[in-house]
Amino acid sequence: MSALRSYRLLVTWQARRMRMFLPLGIVVQALFAFGIVAGYPLLFPSIDRLTVLYLATGGPAVSLITMGLVAVPQLVTQARTEGTLDYMRTLPVPRIVYLLADMTVWLAVVLPGVAFAVVVASIRFGLDLQVSPLVVPATILVVLTATSIGYAMASLLPPMVAQMASQVLVVFILMFSPLNFPADRLPGWLAAIHGVLPIQAMGEVMRGTLASNTFPLTAGAFALLGVWCAGTFAATGIVMTRRG
Amino acid sequence: MLLEVHGVTKRYRRSPAPANDGVDLAVESGQVYGLLGHNGAGKTTLVNQVVGLLKPDSGSIQIAGRDVVADPGYARMVCSIQPQAQVPIDGLTPRQAIETLGRLRGAEARLVRVRADRLIEALGLSEWTGADGARLSGGVKRLVSFCMAAVVPGRLVILDEPTNDVDPVRRRLLWAQVRALADEGAAVLLVTHNVVEAERSVDRLAILDHGRVLTEGTPADLKSAVADDLRLELVLEPGTQVPAPPDFASSFTATGNRLVTTVPARMGGAAAAWAQDLRRAARIEEYSLAPATLEDAYVALVGAANTSDSTMEEPGVRAA
Numbered sequence: 001m002s003a004l005r006s007y008r009l010l011v012t013w014q015a016r017r018m019r020m021f022l023p024l025g026i027v028v029q030a031l032f033a034f035g036i037v038a039g040y041p042l043l044f045p046s047i048d049r050l051t052v053l054y055l056a057t058g059g060p061a062v063s064l065i066t067m068g069l070v071a072v073p074q075l076v077t078q079a080r081t082e083g084t085l086d087y088m089r090t091l092p093v094p095r096i097v098y099l100l101a102d103m104t105v106w107l108a109v110v111l112p113g114v115a116f117a118v119v120v121a122s123i124r125f126g127l128d129l130q131v132s133p134l135v136v137p138a139t140i141l142v143v144l145t146a147t148s149i150g151y152a153m154a155s156l157l158p159p160m161v162a163q164m165a166s167q168v169l170v171v172f173i174l175m176f177s178p179l180n181f182p183a184d185r186l187p188g189w190l191a192a193i194h195g196v197l198p199i200q201a202m203g204e205v206m207r208g209t210l211a212s213n214t215f216p217l218t219a220g221a222f223a224l225l226g227v228w229c230a231g232t233f234a235a236t237g238i239v240m241t242r243r244g
Numbered sequence: 001m002l003l004e005v006h007g008v009t010k011r012y013r014r015s016p017a018p019a020n021d022g023v024d025l026a027v028e029s030g031q032v033y034g035l036l037g038h039n040g041a042g043k044t045t046l047v048n049q050v051v052g053l054l055k056p057d058s059g060s061i062q063i064a065g066r067d068v069v070a071d072p073g074y075a076r077m078v079c080s081i082q083p084q085a086q087v088p089i090d091g092l093t094p095r096q097a098i099e100t101l102g103r104l105r106g107a108e109a110r111l112v113r114v115r116a117d118r119l120i121e122a123l124g125l126s127e128w129t130g131a132d133g134a135r136l137s138g139g140v141k142r143l144v145s146f147c148m149a150a151v152v153p154g155r156l157v158i159l160d161e162p163t164n165d166v167d168p169v170r171r172r173l174l175w176a177q178v179r180a181l182a183d184e185g186a187a188v189l190l191v192t193h194n195v196v197e198a199e200r201s202v203d204r205l206a207i208l209d210h211g212r213v214l215t216e217g218t219p220a221d222l223k224s225a226v227a228d229d230l231r232l233e234l235v236l237e238p239g240t241q242v243p244a245p246p247d248f249a250s251s252f253t254a255t256g257n258r259l260v261t262t263v264p265a266r267m268g269g270a271a272a273a274w275a276q277d278l279r280r281a282a283r284i285e286e287y288s289l290a291p292a293t294l295e296d297a298y299v300a301l302v303g304a305a306n307t308s309d310s311t312m313e314e315p316g317v318r319a320a
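Residue numbers (our numbering), protein chains in the order written: chain R, 1 to 244; chain G, 1 to 320.
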């Protein structure tokens with residue numbers, strides 16, 4: 001049984017299960033787009049081009065991270081409580097393959113909405129986005145890292161604690177992370193923390209690949225995110241194969 | 001032996017008593033092996049160690065001569081499992097779910113389809129093959145999860161309470177398929193607390209209580225302990241008081257309006273007369289006197305006190 005064949009079968013399985021979430025994912029992301037287009041101009045009456053660019057290109061990072069840290073833990077916790085996660089762990093496939101298949105489906109659920117949000121924002125504000133092909137690896141890295149963290153959280157922590165942790169993380173990410181604004185606005189100590197956490201790098205690789213004419217794309221951000229991705233994915237793999 | 005379990009002990013954190021305490025058992029290919037015991041006896045804990053979801057504190061588990069405590073990945077390759085919990089098939093049709101599992105077990109699509117068709121037909125599931133898994137009744141879901149384990153069976157097939165929620169007619173069809181799995185060469189480990197059904201279906205069985213194997217053998221071996229006993233079962237008239245047990249009754253259990261008592265075979269005549277008197281006095285609706293069953297042996301072994309929820313079931317009644 002090849003890993004590729006198992007992967008394909010599991011992707012089909014999970015995609016069928018997640019079918020009902022696909023329209024929901026698109027609606028949520030469309031609302032998000034609407035928020036940027038209609039909401040931010042209310043917050044900032046004299047909104048300049050750079051701010052708009054930050055919002056339009058930070059949005060996808062926020063969406064992908066939120067999916068990984070909120071939606072994934074919720075569904076994984078539910079699967080754990082119902083016993084279906086254990087069932088999937090008894091299947092004759094390497095658990096890494098199962099994880100990758102699951103993450104592929106998550107990506108497919110969130111991606112159409114994210115793309116839609118970017119397009120709407122760029123039309124509304126007349127942005128001239130220069131999308132680099134590197135947006136593909138950037139998106140994959142962000143999704144893999146965020147869902148790995150979400151998976152590990154939901155697998156290790158008691159259900160209630162996992163839920164709380166994901167709420168706290170969301171506030172931290174939405175309010176205190178340089179995704180929708182430049183990092184130099186942060187106090188020094190927080191900027192230093194963000195220097196080692198993956199969130200800022202997630203924002204930078206998304207921004208740098210969506211608006212490559214405005215934002216520099218640094219190898220450092222890709223490298224840092226790559227390390228986080230490898231580390232969290234490996235950790236989640238270990239958590240998934242752990243025996244009680 | 002295909003599955004050999006030796007001295008397996010497992011203790012959960014924050015639990016004073018071990019969930020499994022030196023469990024030994026062995027299952028051959030072609031055999032249906034029943035693992036019986038009341039709720040919390042340690043049956044599912046044992047199964048979870050066999051398939052590598054839990055790690056034993058001590059003891060060994062071998063499948064086909066291979067140490068699966070050291071190599072849990074091998075256990076997953078050779079075991080197919082129907083878990084006690086529901087399987088995640090919302091959004092899939094039964095046919096899709098069954099065929100996906102067959103193909104994940106490495107079989108070719110055409111063969112999987114043929115085998116799936118056969119199972120669907122044999123269990124009378126045809127009318128649901130195209131329905132969404134989320135809309136299926138609990139019983140049909142159980143049958144689908146059985147098919148997922150059986151469509152391309154592993155060398156060891158583990159069925160955890162396969163008949164829960166299943167209607168009486170399909171239960172019989174299901175038992176025939178369990179038998180067929182063993183006849184085709186699989187070792188079947190059947191976890192249940194339904195003693196009545198197990199008696200008709202298993203080749204050997206072990207009774208687990210508080211994590212230990214109380215006894216092990218064929219149903220006939222186990223029944224030999226109660227070979228000289230008769231089982232007297234009474235159905236009380238609604239609203240009547242439970243009669244005092246006769247002197248010769250060695251056990252006496254009342255559940256709802258049903259009374260089950262064990263009496264020595266030599267007292268059969270006295271037992272029938274006692275029951276007949278109650279009937280004449282219109283205190284009971286009916287009674288039956290028959291050789292003691294595996295259930296009676298089970299009650300004698302485990303003790304009536306902690307089994308009232310699990311041993312009084314008739315086929316067709318939902319397992320507790």
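Bear in mind the hints are in silico, worked out from the structure with no lab data behind them.
None of these values were measured; they are calculated from a predicted model.
Misleading hints may appear alongside valid ones.
Here are the simulated SDA-like pairs of lysine to any residue, each with C-alpha atoms no more than 25 Å apart in a straight line [what the hints assert, rightly or not]:
| # | chain 1 | residue 1 | chain 2 | residue 2 |
| --- | --- | --- | --- | --- |
| 1 | G | K55 | R | P92 |
| 2 | G | K55 | R | M164 |
| 3 | G | K55 | R | L134 |
| 4 | G | K55 | R | F44 |
| 5 | G | K223 | G | R279 |
| 6 | G | K55 | R | T12 |
| 7 | G | K55 | R | V97 |
| 8 | G | K223 | G | R200 |
| 9 | G | K55 | G | A17 |
| 10 | G | K55 | R | R19 |
| 11 | G | K55 | R | S155 |
| 12 | G | K55 | R | N180 |
| 13 | G | K55 | R | P23 |
| 14 | G | K55 | R | V239 |
| 15 | G | K55 | R | A71 |
| 16 | G | K55 | R | Q78 |
| 17 | G | K55 | R | R243 |
| 18 | G | K55 | R | L156 |
| 19 | G | K55 | G | E28 |
| 20 | G | K55 | R | S46 |
| 21 | G | K223 | G | R155 |
| 22 | G | K55 | G | Q96 |
| 23 | G | K55 | R | E82 |
| 24 | G | K55 | R | T81 |
| 25 | G | K223 | G | D247 |
| 26 | G | K55 | R | V170 |
| 27 | G | K55 | R | M88 |
| 28 | G | K55 | R | G237 |
| 29 | G | K55 | R | G126 |
| 30 | G | K55 | G | A109 |
| 31 | G | K55 | R | A234 |
Covered stretches of chain R, going by a simulated chain G footprint (3 or more residues, C-beta under 8 Å) [to be verified]:
| # | segment |
| --- | --- |
| 32 | 8-16 |
| 33 | 81-89 |
Cβ coordinates follow ideal geometry from the N, Cα and C atoms, glycine included.
Going down the list of hints, with the structure as the test:
1. K55/G / P92/R: holds (18 Å)
2. K55/G / M164/R: Violated. K55/G to M164/R sits at ~30 Å, over the 25 Å cutoff.
3. K55/G / L134/R: violated (43 Å)
4. K55/G / F44/R: violated (57 Å)
5. K223/G / R279/G: violated (29 Å)
6. K55/G / T12/R: violated (31 Å)
7. K55/G / V97/R: holds (22 Å)
8. K223/G / R200/G: holds (13 Å)
9. K55/G / A17/G: Cα-Cα ~17 Å, so holds.
10. K55/G / R19/R: violated (35 Å)
11. K55/G / S155/R: Given that 25 Å is the threshold and the Cα spacing comes to 17 Å, the pair holds.
12. K55/G / N180/R: violated (46 Å)
13. K55/G / P23/R: violated (41 Å)
14. K55/G / V239/R: holds (14 Å)
15. K55/G / A71/R: violated (30 Å)
16. K55/G / Q78/R: With Cα atoms ~24 Å apart, K55/G and Q78/R stay inside 25 Å; holds.
17. K55/G / R243/R: holds (6 Å)
18. K55/G / L156/R: Status holds; Cα separation ~17 Å.
19. K55/G / E28/G: Cα-Cα ~23 Å, so holds.
20. K55/G / S46/R: Distance ~62 Å between K55/G and S46/R Cα, so the pair is violated.
21. K223/G / R155/G: The hint is violated at about 30 Å.
22. K55/G / Q96/G: violated (32 Å)
23. K55/G / E82/R: holds (21 Å)
24. K55/G / T81/R: Given that 25 Å is the threshold and the Cα spacing comes to 20 Å, the pair holds.
25. K223/G / D247/G: holds (23 Å)
26. K55/G / V170/R: The hint is violated at about 35 Å.
27. K55/G / M88/R: holds (18 Å)
28. K55/G / G237/R: Answer holds: K55/G to G237/R is near 17 Å, not above 25 Å.
29. K55/G / G126/R: Roughly 59 Å separates the two Cα atoms, so the pair is violated.
30. K55/G / A109/G: violated (34 Å)
31. K55/G / A234/R: Holds, because 21 Å separates the two Cα atoms, which is no more than 25 Å.
32. 8-16: Three-residue rule met by the segment 8-16 of chain R, so holds; n is 5.
33. 81-89: holds (count 7)
Taken one by one, the earlier hints fail for this structure at numbers 2, 3, 4, 5, 6, 10, 12, 13, 15, 20, 21, 22, 26, 29 and 30, listed in ascending order.
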